[in-house]
Amino acid sequence: MKQFLLMPEFQLLVWALVLFVFDAYRPQTKPRTLAWLGILGAALVLGATFVEPLTMGVGQYFHGLYSVDGLSIFFKQFFLVTLIVVLWMSAEFVEVLPLARNEFLLLPMLTTVGMLLLASAVDFTTMFVALELVTISFYVLVAYQRNRSASLEAGVKYLIIGALSTGFLVYGIAFLYGNAGSTSFATILETLSTNPLNLSILFAMALILVGLCFKISAVPFHIWAPDVYQGAPTPVTAFLAVGSKAAGFVVLLRLVFFSCFGNPVVAPYVSSLLAVLAGVTVILGTFAALPQRNLKRLLGYSSIGHAGFILMALSCLSPRGVNAVLIYLISYLLAGLLAFFLITVVSKQVEGEELVNFSGLSKRSPLAAFGLTVAFVSMAGIPPLLGFAGKLGVLAAAWEAQRYVLVGIGVIAAAVGLYYYLSIVRYMYWNEAADGTAAVKLSCSAKWLVWLLVAGVIVFGIYQMPIATVVDQVLLGRNW
Amino acid sequence: MEAITFWILAIGLIAAAWSVILQRNPVASALSLVAGFILLGILFLTLNSSFLMMVQIIVYAGAVMVLFLFIIMLLDLKTEEKRPVPYLRLAVALLIAAIFGGFFFSALQAVPNGHKVLSWSQPVPHVDAGEIGQLLFSKYVLPFEITGVLLLVATIGVIVLSKKEIK
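Going line by line, the protein sequences match chains A and B.
1 is the number of the first residue of the first sequence in the working numbering; add one for each residue after it.
1001 is the number of the first residue of the second sequence in the working numbering; add one for each residue after it.
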């Protein structure tokens, strides 16, 4: 019982349930109030994660189903920050929804409960249940705007593809269990290292990898991403792009280093396979983004490209690679959420998410245009900003692992990315506004968040000590 | 004896599964699915898992199927029209299924003691509801509780997505 009370998952869950009951008895509560209460709760839990090693203690709990370690704490903080920004974003967005506005603010909290648990999962049972919690709440969130056919289409596509990927995953887990006789990550690694490999184990690993590739939208399992990203409500798109993707990567990290994929015989092949996937993903994500004229769809493709870069770092199977994965995720968290936040606020007022709607934005709202520019310049990887540190880390890790072809692909993709990111900036600053020149207004709280995220991208880009310290904490005391 | 039971059940199951897809009337499809669920339940029984059988019958053949039939009746689905068979697509689908099936069988053979998995020479330990309950509330209490949250999310989601517009 004491363990339950100390778990961030449980604390957030209780807060969410209290808010659900509160909302049921006071239906006239303004969505904005509810969003602030949610943010307050998430911030408190975030604070608690910093003392988690002291209160709960590093180690394994629940008969080896749940782990508290550097990796889990890092990702819990990552998901909680994402939740805070997504709730902030939803508070701006929620007036667009015709009904059930309050639930739109509370469901992401339950999704985050799943993500937090996923960060700690060291057993396939916990991992699977947590992943399903995340996926099923996303089915609902993606289809939330029932009055828009695009949202419904995205919901159906995500449902079908999600169910398919879950099928692959659970099939693979069943085969792995049949071979190793256990669902624990560590026991599986141990059993597989002492017994000879056979076809069924490889089959299981392939199925699990396919299931996870759907979640992180790696090519060739990316087909759902652009449509779903475009159709979903913008805060949900942001949550999918940052939260759901990171959730896939934390599972992949654990499996690659502490479970089946870490088997010394298989590891070199896994590394090459991931490298090939990374290369193809980066190329497709970058080049397919070029002709896009819808901003959300463009960011959908660019997020495929970012997933490719993270996979590239992961495929090195080295501490430097893990370091690059984490830094890249942080840079994508800040820049990605900043971009999606401003798209939410602006597209509500210009009534469209096409690039044309954003032309001349610099005159209509200088702050929004500046914020979007910072986000895109960071994603493109231009030096003083945090995105540069992310890309540089990935390329350095790939260079160290002697994957020169990947480095070449990465450099070319970064250059091409520069072209389309800067073309958005050109629309905002040099093109004339197409429809009306009325000022785009940002609410006071929106301005605060924009300045916070912009400051994060710029300050951490120049002064990287805090991030480096956090990431080193994760890597410390683990034999990667 | 067990072998004969197995083969009868297996062939029945495959026939029921085919029938689900091939029937043009949705109600007939759903009823074939019920037959499949019940046969699968009996198969669990031959594996000494009486609890699993009960769950299979109550949850799938009972609750899930009633829901299916209910929805089919509500939507008033008509019998599907006959369409020309897309031979090319069918061929590709069969090819992929054959490759996957081949992998599946060779993988099953490769499982340690796989020949025992495939045969019925080994007695299967009996597992009753009490043991499963004990495990769920001791070792697996965390995933069990999270499954509760999962169901809550699904319930809220269904209500939100099907709510009538309030004017």
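One should not assume that every hint holds.
Going by beta-carbon spacing under 10 Å, a handful of chain A positions derived as facing chain B [claimed, not checked]:
no., residue
1, L5
2, L6
3, G155
4, W399
Over the 10 Å line for every Cβ pair with chain A, so calculated as not near, a few chain B residues [what the hints assert, rightly or not]:
no., residue
5, A1063
6, V1153
7, I1156
Because the hints were derived from the structure by calculation, they are not lab data.
Note that beta-carbon positions come from the ideal geometry of N, C-alpha and C, so glycine has one too.
Here is what the structure says about each hint:
1. L5: Constraint on L5/A not satisfied, violated at 13 Å.
2. L6: violated (13 Å)
3. G155: holds (8 Å)
4. W399: Constraint on W399/A not satisfied, violated at 36 Å.
5. A1063: Check passes; 18 Å lies beyond 10 Å.
6. V1153: violated (5 Å)
7. I1156: violated (6 Å)
Hint check: violations occur at hints 1, 2, 4, 6, 7; the rest are consistent with the structure.
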